[in-house]
Amino acid sequence: MAAANTADAQLHPLADLDRTIHSPARLMVMTNLYVVESAEFIALMKLTGLSWGNLSTHLSKLEEAGYVELEKGFRGKKPYTMVRLTGEGRAAFKTYKEQMQGVLAELPD
Amino acid sequence: MSGMLDLRDVERRAWTLYFQDGLWDIFFGLLFLGGGLRALTGSLWFYLLVAAGILVFILGKRWITLPRLGQINYGPRRKARLNVVRLVGFAAVVYTAVVLAMILSGADLSGIPVGWIFVFLVPAVLLLMAYLMDFTRLYGYALLVAAFMIVSELYGDPPAAWAQIVAGLVPLAVGIVLLVRFLRTFPVVDEDMLAGGGDNGRS
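Listed in order, the protein sequences are those of chains G and H. Here the numbering used here is used: the first residue of the first sequence is 1, the next is one more, and so on. Here the numbering used here is used: the first residue of the second sequence is 1, the next is one more, and so on.
Some hints could be false.
[What the hints assert, rightly or not] Which bits of chain G does chain H cover? Going by a derived footprint, with three or more residues having C-beta under 8 Å, they are: (1) 36-44; (2) 72-81.
[Unchecked claim] Computed list of lysine-lysine pairs in DSS-like fashion (alpha-carbon distance at most 30 Å, straight line): (3) K61/G with K94/G; (4) K94/G with K72/G; (5) K61/H with K79/H; (6) K72/G with K61/G; (7) K72/G with K61/H; (8) K78/G with K61/G; (9) K94/G with K79/H; (10) K78/G with K79/H; (11) K61/H with K78/G; (12) K77/G with K61/G; (13) K77/G with K79/H; (14) K72/G with K79/H; (15) K79/H with K97/G; (16) K77/G with K61/H; (17) K61/G with K97/G.
Since the hints were made in silico from the structure, they are not lab data. Each residue gets a CB set at the ideal place from its N, CA and C atoms; glycine is no exception.
Okay, chain G solo, but in the shape it has when bound (with noise of 0.2 Å):
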């Protein structure tokens, strides 16, 4: 029973994770929009490697919970995206990086 407390207490971070975050692909996301001021919608899907569709669902979702910002414009006649983490946004990413660091870093070989 105390051996189980304890996992439970070790494990205790893993239930606090952003789960808008946690999905790989988002975590890919944000990963990307995190080291840069903003990306092109069509460098994201580069970067990712997600197709339009994916990336397009995983960004609405990023977008519901205030962790990016889409802002459309026009070069010439062809449109584009660019996206953006907002300051939540940032700040989710490194709340769950240092939540991740300290999970892994605690739990035994």
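Chain H: place on chain G using the hints.
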């Protein structure tokens, strides 16, 4: 976690994606080739190759790379590194201009090994640019430049001109191969077309 996800590596990957188009290689290739052919033939017309290199680079980035990869605005660390690259490039141009002005004005530089200073300076600037820009192939091109400049100091033309032509052909060939591969790998992406494809288009 840090072992699995290196954020600097992610950023570097986003940055080096734009070096896959081969346009920098074509630029350096035409730059060296133009200079070499000019030295070999004495014809100023070959400087048009240098102008072509600049044009291909600027227009290629605008009309080939951007529609295929989109645009990325990089973070402060990358911008700071690029500012250092600009500063180093500017300092090298100013230094070259000053030395040329002194030579043209007939100043006595007999005690100064101007040629050998350039043999070290130009490759050093290119090596620094390669490091700051994370542009691995530029290390090789810097060595090619060092080689033809050493030949130039030791043997003069035409051996130096031929060495410079070879030093130009190498990056030019690499650049053309990369550009062809780039065009095949990355088709033009039109957001309008994709959004209209019914593939979970965003509203």
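Notebook entry, point to check: Broken hints, numbered, in rising order?
Noted result: As far as the earlier hints go, not one is violated by this structure.
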